[in-house]
Amino acid sequence: MSRYLVLYLHCLRFSFSRAMEFRVDFFFRVGMDVLWYAVHLVFFWAIYQHAPLLGGWDFDQALVFAAGLFVADAVHMTLFSNNAWMFPLLVNRGDLDYYLVRPVSSLFFLSLREFAANSFLNLVIAVGVLAWALARYPGPLEATAVSVYVALLLLGCFITYCLHFLFMVPVFWMHNAAGLRDTFYGLNRFTARPDAIYTGWVRRVLTTLLPYAILVSFPTRALFESDVGAIAGHMGLVAAALFALLLVAWRRGLRAYSSASS
Amino acid sequence: MIHVRDLSKTYTVHEKAPGLMGSVRSLFARKTVARHAVQGVSLHVAEGEILGLVGANGAGKTTLVKMLAGIIHPTSGEATVLGHIPWQRENDFRRQIALVMGQKAQLWWDLPAADGFLLLREIYRIPEARYRENLAYLAETLDVTRHLHVQVRRLSLGERMKMELIAALLHDPKIVFLDEPTIGLDLTAQRAIREFILSYRETRKPAIILTSHYMEDIERLCKRIVIIDEGAFLYDGPLDQVASRHTSQKVITAHLERPASLPPAVLAGLGTLVKQEEYLLQVRVLRARVAEAAATILRELPVADLAIDEEDIGTVIERIFRERRVGPS
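Quick note, the sequences are listed as chains A and B, same order.
So for the first sequence, our numbering puts the first residue at 97; every next one is plus one.
So for the second sequence, our numbering puts the first residue at 87; every next one is plus one.
Any given hint could turn out to be false.
As the list claims (entries may be wrong) - Cβ pair distances, simulated, as ranges:
id	chain 1	residue 1	chain 2	residue 2	range
1	B	398	A	105	50 to 58 angstroms
2	A	220	B	106	47 to 55 angstroms
3	B	240	A	102	22 to 30 angstroms
4	A	105	B	96	56 to 64 angstroms
5	B	107	A	269	48 to 56 angstroms
6	A	304	B	96	51 to 59 angstroms
7	A	271	B	330	44 to 52 angstroms
8	B	108	A	352	38 to 46 angstroms
To be verified - Here are the simulated lysine to any residue pairs, SDA-like style, with alpha carbons at most 20 angstroms apart:
id	chain 1	residue 1	chain 2	residue 2
9	B	190	A	270
10	B	260	A	200
11	B	190	A	191
12	B	102	A	270
13	B	190	B	200
14	B	190	A	355
15	B	260	B	286
16	B	102	A	182
17	B	117	A	270
18	B	190	A	198
19	B	190	A	182
20	B	117	A	271
21	B	117	A	200
Stated by the list, open to error - To be clear about the criterion: a stretch of chain B counts as covered by chain A if any three or more of its residues have a C-beta under 8 angstroms from a C-beta of chain A, and this derived list gives those stretches:
id	region
22	149–156
23	190–196
24	340–347
25	390–401
Source of the hints: derived by calculation from the structure; they are not laboratory data.
Ideal Cβ placement from N, Cα and C applies to all residues, glycine included.
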């Protein structure tokens, strides 16, 4: 485990060194994400001008939800998103070859190779927004509850990672990932709304098979509601099932990998 | 070290008729064909041996190398490399092999090669002292020590390939797969890399499997070659026996004192004309008739110098490929 941590620290160092090379791109991406945060905050503010509650949450709770969404998004963008984006290209160009001859987990390397250093600043900003949203929350919030919330939020990030790569792995057989990528990002919009607004079979699907609705909403519900054990259990089961599925799909994908002509 | 038996790899590819209608038809009814990249090949490679894989583009050289390196799964057949089944990708196997692909980079483009080497040190768990010793040896031998801290993208193609070789060899692999290591390089860089490979093999004794389109690579580096075409082996044996086994002819080259030529009827009786210039005549003749042909040339022409050679190895191999496609000429 410590070896993988050392390897990851190398990747971090490389990614930072490289990101600093391209200053304009570095600051442009920061600006783009800050704009995205602003759009979401304005969206929730506008809704609460017309309704006192959304999915059972008042404005202060929705603000924590939105801030959690920013953090989850920033974590995903910083750690995984670039890697998932590049992955189909690596498969189709045959650039997986060098990863497969190294004596380390190829899934580890291909998932975490690129650390999006320019998104890291956004992560700092998002954590600041979350700290502000929690600090201004008028009700009592215990340290333990906040810790559980943060842990579940990170578990949600892990589930997002599993989902994203599960959507990308079929590229081993399909060789074109544009549709898969669009589907992942299209469905990811379900994450940005409180889960309570979904009902019936839509809710069942969005909390189990395609668990977008649980990624940020469930940690937020764990913070404001009492059923923490059930929420944590549900998220843990989903995370374990998706990761197991990802490992199986990965193994089968590598079996089907045909590299590319040189 | 490497044992291969009846190894095959077949790809299923789909064919599409040209034009828009062809695309639409292929959307609903797709015609697939099996493409046999490697067909039932068997092979043994010993420690310290350099085996050259020779073949045209698409002959199956790289596919074979990728199966032996564990990158792709075969369709059928067996292989063990250092006692491991390559495509099971056990870490113990991967720690003992190295792969260099002339057309693909493994180092980080925007960073100095030295940074990439540090990552490889961690990946292969190379002890610090051995890492330093190997890096110093490889960088000095390849004459790139002063470039170690330059961004990879700022290096020349030859320097980049040298860095790729260092990256591949830092962990003292027992088997090295070199897929077109000199492709695109100028003659000086090609020569430097060839000399390095020979010197490395002399000191570290790995088994090396080399593919190259440059016959000079093969001739300088390999004592044994495999000629591969359409996925099948046409020849597996010593390089110096390719000509004697696959051609019944030799080449007579006569340098003349003054411009002269043979009458067409005499020339036709000698063999096949290869080249004729004012001061030069080159003919390909049957081995059995070499003495007679040489005597005729000496008698009929003002010869300043005469040489009788085996055919150029590249020419022999080209003819082997050509004869497989269109029959003997």
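Evaluated hints:
1. B/398 to A/105: 50 to 58 angstroms: holds (54 angstroms)
2. A/220 to B/106: 47 to 55 angstroms: With Cβ atoms ~51 angstroms apart, the hint holds.
3. B/240 to A/102: 22 to 30 angstroms: holds (28 angstroms)
4. A/105 to B/96: 56 to 64 angstroms: Between residue 105 of chain A and residue 96 of chain B, where Cβ atoms are some 43 angstroms apart, the hint is violated.
5. B/107 to A/269: 48 to 56 angstroms: Violated, at about 26 angstroms.
6. A/304 to B/96: 51 to 59 angstroms: violated (40 angstroms)
7. A/271 to B/330: 44 to 52 angstroms: holds (46 angstroms)
8. B/108 to A/352: 38 to 46 angstroms: violated (26 angstroms)
9. B/190 to A/270: violated (23 angstroms)
10. B/260 to A/200: holds (18 angstroms)
11. B/190 to A/191: holds (8 angstroms)
12. B/102 to A/270: holds (17 angstroms)
13. B/190 to B/200: holds (18 angstroms)
14. B/190 to A/355: Satisfied, since the Cα-Cα distance of roughly 12 angstroms is no more than 20 angstroms.
15. B/260 to B/286: holds (12 angstroms)
16. B/102 to A/182: Violated. Residue 102 of chain B to residue 182 of chain A sits at ~28 angstroms, over the 20 angstroms cutoff.
17. B/117 to A/270: OK: residue 117 of chain B and residue 270 of chain A at ~16 angstroms, within 20 angstroms.
18. B/190 to A/198: Holds, at roughly 15 angstroms.
19. B/190 to A/182: holds (16 angstroms)
20. B/117 to A/271: holds (17 angstroms)
21. B/117 to A/200: violated (39 angstroms)
22. 149–156: holds (count 3)
23. 190–196: holds (count 4)
24. 340–347: Our answer is that it is violated, as 0 residues pass the Cβ test (under 8 angstroms) against chain A, missing three.
25. 390–401: Contact hint for the region 390–401 of chain B vs chain A: violated, 0 residues under 8 angstroms.
Hint check: violations occur at hints 4, 5, 6, 8, 9, 16, 21, 24 and 25; the rest are consistent with the structure.
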